[in-house]
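*Asks:* Since the structure of chain A is provided, determine the placement of chain B on it from the hints.
Going line by line, the protein sequences match chains A and B.
Residue numbers for the first sequence follow our numbering, beginning at 1143 and rising by one.
Residue numbers for the second sequence follow our numbering, beginning at 2 and rising by one.
Among the clues, some could well be false.
[Said to hold, decoys possible] The following residues of chain A were derived to be distant from chain B, with all beta-carbon distances above 12 Å:
no.	residue
1	Ile1154
2	Asp1262
3	Tyr1279
4	Gly1281
5	Gly1303
6	Asp1309
7	Val1325
8	Thr1376
9	Gln1395
10	Phe1398
11	Glu1399
[What the hints assert, rightly or not] Taking lysine to any residue pairs in the SDA-like style, the calculated list, with each CA pair at most 20 Å apart, reads:
no.	chain 1	residue 1	chain 2	residue 2
12	A	Lys1248	B	Phe381
13	A	Lys1257	B	Met344
14	A	Lys1145	B	Phe381
15	B	Lys170	A	Gly1382
16	A	Lys1217	B	Glu588
17	A	Lys1219	B	Glu588
18	A	Lys1285	A	Lys1257
19	A	Lys1217	B	Ser348
20	A	Lys1367	A	Gln1395
21	A	Lys1403	A	Lys1248
22	A	Lys1257	B	Asn345
Worth flagging that the hints you see were computed from the coordinates, not collected in a lab.
Using N, Cα and C, we set each Cβ at its ideal position, and we do this for glycine too.
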Amino acid sequence: MGKLLAVVLVLIAIASAVPILMHTWWMPEDISTHGHMIDHQMSETMAESGIAFVAAQLVLATLVGMFGDKKDGRKAKHLPGGARLVVIAAVVLVGTEVLALGVFGKDAWAEVYFKKPPADALPIQVQAEQFGFYFRYAGPDGKLGPMHPDKIDEGNQNFFGLDPANDVDSRDDIVSASLVIPVNKPILLMMHAKDVGHSFYVRELRIQQDFVPGLDIPMHFTATKVGRYEIVCTQLCGLGHFNMRAFLEVKSQDDFEQWLKQQSQ
Amino acid sequence: MSDASAPVVHQHAAPSKFIWKYVFSTDHKVIGKQYYGLALVSVFIGMMLSWLMRFHLVWTNAAIPGLQLLSKNGAPGGVMTPEYYLSLLTMHGTLMVFFVLTNAPFAGFGNYFLPIQIGAEDMAFPRFNMMSFWVTLVGFLVLIAAFFIPDGPPISGWTAYAPLSAVGKDAGPGLAWGQNLWAISIGLFCVGQLLGSLNFIATTLDLRTKGMTLSRLPISTWAWFITSCIGLLAFAVLLPACVLLILDRVAGTSFFIPAGLVISDHLQPHSGGSPLLWQHLFWFFGHPEVYIAIVPAIGIVSHILMASMRKPLLSVKVVYGSMITIGFLSYMVWGHHMFLSGMNPFSALVFSFPTLIITIPATIITMIWIGSIYGANLRFHTPSLFSLGFISVFVAGGVSGFFLAQPSLDIYLHGTYFVVGHFHFVMGVAAIFGILAGSYFWFPKMTGRMMNDTWGKVHFWFTFIGVYCIFMPFHYLGFAGNVRRYSSFVDDYLQPLLPVHKFITIAALITGAAQFIFLFNLIYSRFKGAPASDNPWDATSLEWSTTSPPPFDNFGGRHMVVRHGPNEYGVNGAHGDFIMQDSPEPEPAGD
Chain A
1143 MGKLLAVVLV LIAIASAVPI LMHTWWMPED ISTHGHMIDH QMSETMAESG IAFVAAQLVL
1203 ATLVGMFGDK KDGRKAKHLP GGARLVVIAA VVLVGTEVLA LGVFGKDAWA EVYFKKPPAD
1263 ALPIQVQAEQ FGFYFRYAGP DGKLGPMHPD KIDEGNQNFF GLDPANDVDS RDDIVSASLV
1323 IPVNKPILLM MHAKDVGHSF YVRELRIQQD FVPGLDIPMH FTATKVGRYE IVCTQLCGLG
1383 HFNMRAFLEV KSQDDFEQWL KQQSQ
Chain B
2 MSDASAPVVH QHAAPSKFIW KYVFSTDHKV IGKQYYGLAL VSVFIGMMLS WLMRFHLVWT
62 NAAIPGLQLL SKNGAPGGVM TPEYYLSLLT MHGTLMVFFV LTNAPFAGFG NYFLPIQIGA
122 EDMAFPRFNM MSFWVTLVGF LVLIAAFFIP DGPPISGWTA YAPLSAVGKD AGPGLAWGQN
182 LWAISIGLFC VGQLLGSLNF IATTLDLRTK GMTLSRLPIS TWAWFITSCI GLLAFAVLLP
242 ACVLLILDRV AGTSFFIPAG LVISDHLQPH SGGSPLLWQH LFWFFGHPEV YIAIVPAIGI
302 VSHILMASMR KPLLSVKVVY GSMITIGFLS YMVWGHHMFL SGMNPFSALV FSFPTLIITI
362 PATIITMIWI GSIYGANLRF HTPSLFSLGF ISVFVAGGVS GFFLAQPSLD IYLHGTYFVV
422 GHFHFVMGVA AIFGILAGSY FWFPKMTGRM MNDTWGKVHF WFTFIGVYCI FMPFHYLGFA
482 GNVRRYSSFV DDYLQPLLPV HKFITIAALI TGAAQFIFLF NLIYSRFKGA PASDNPWDAT
542 SLEWSTTSPP PFDNFGGRHM VVRHGPNEYG VNGAHGDFIM QDSPEPEPAG D
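Chain A on its own, in the form it takes in the complex (with noise of 0.2 Å):
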């Protein structure tokens, strides 16, 4: 029965770690200034924690299969070293591992979430809500209006509460279903939450964020592709859940210009 579990464990931590190695199940390509460094960090983890778990599995297969009761009146032994020796070992493997990791990965984070967005970035304000996306972009005066959760209108599409007969800032706003961008440009998205909570998650971003309600929450980031990418919720929000998504379109600057001269007329 020892040798049996012994080449259980063998195979599974074989057959584990074959889609790991071969990327059979990977993130999509990053396309953003940052995700280089989410991706580096994910390897590295992936490295240590994998070889932790090969590791720990073959040997143990390896003490199953050698020290099963032979009911020979064999006297029990204990490790060389003993207890000081797997106390020291672990301090000091998964010391190292967690310093490593814990001081390489806050760089990344720290891009995301430290770095201010640069001044040149473009405002976008993106709101969710059961169960979709909206997105305001300012027009020409560069000024978003306010919102006034009173006056928000599903049925006549005015999904942040516009009050452009009082408010001279909300005439130009453009308000889209998608999330259009140019490529290479800082984007500073202001995140608003209408009804309960959502989250924004673009894969190929490495971008994922939650709506708070009560809180307006900045988040930046530079798409360096050209391309239409899922955008979707990933906190649990209620029945459609499921399907709550938008797309976001990164556009060449030429491009986007024309997009955004379209929407204001």
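*Replies:* Quick look at chain B alone, frame taken from chain A:
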């Protein structure tokens, strides 16, 4: 640390009427069995809910025969609606985390064996003990009632994030009375756990028999004691959180609801609350809850491993210290569930560090187990196999924690199936393996009969290979960016991942079916199993010094005197390679 004085005399005589003997019993053994039975019912309900969910995920439009009988609105014609999927998801998580992973390894086995292992005749507060079970049972019934009300069960998940859970029916189905029942149920559960934790602590400290010093406590009792301390603090926070949630829902308060929310075209009449307050309170409980589930399993598995290896662990004191460290650190890491919640991003680094650090005591325990196998004489009976399997799955779940402990990787992995794979391995599967190991190990003591070992091994192989087939691919899906809590995968990006989901579903159906082998073995052996001796595993702790099953007062009027530590294996004892804790023989030379 001093010996307790003479053990207390059993305060209540053995009842003779059925209702006092088996229903409203104050006997810790009956209460332990009641908790175990409740966990058993809950785990099979929870598992069948997961079957329904897995089936729906891959055959979304297929009818499930009979499902419409459970909910006409949730499954018209047997086809599950997206909202009913979320209802089942909420109930699955709630049943499993609270009524299985907390009830069985802690309240179930703990109630039955903690007093016996310390040589006591009962718990310190038998009536509190009975009350804790009955409050928990009412909590269970209140939760299950949500299936049978028109509103249906809540759809906000077991984490019940506000304001989705706080604003009422405007936010969706199940969020009117279904959510009320959830909050009441969990509040009651907290009361039961608080009573139980107090009882465990008082019993361990006050009722130890003569010679049972703290250092002679079996490792399983240490684990239950540490878990009681964790639970006392954790449930004391979740209870008021549930009360505040109920007040927001029914009394017009705004603890968790800010101003200006427009839900279903209604401007909500609330202002001043914070959804993050709920998250902080919930996860201040929620992360220690992981250890409330896993620490008893660590204790149970360590206890069984020593009897299986026929030698002590390399150092039990290091394991005690590691468990205490884990319990202590568990209160400093709750924010890692909230890296992306909008709280101050500097705090993410503060929460990340202890989260990474907590892997050190966990690794020490694991390496102690593995290192202890060196030079052992391992007996491969079913409890031993589940204990060894526990080590394997605990490692699998532990290493994925390295990813989620880092805020920078959480940016990509948070909200994906990677998280589902991680917590199912480290909390769900590992604790279940601890429960199963404990079940096969202590069944003879609890019933006086052995479980069938051959069928136990068949059960082990299906379960061990099955859980890897189910939960390892979850990690791959997470790397691919597969979002969790979706009732179906409608978009183009997720469609290519459907074959992986089909594999998982088939594995879940087979592995789940294998659990009926265990259930059948449990029920059959209860009545027809081979008679068990008092000490079928050649083990040392006090439960093996009494009859199987133990008499009402545990030791048949004997006042136990403990003369040995609980881990004296691999020695030249009078009855073999072990010395029982109450044995009058002298300490072995060199011990």
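*Asks:* Failing hints, ascending?
*Replies:* 1, 5, 8, 12, 18, 19 and 21
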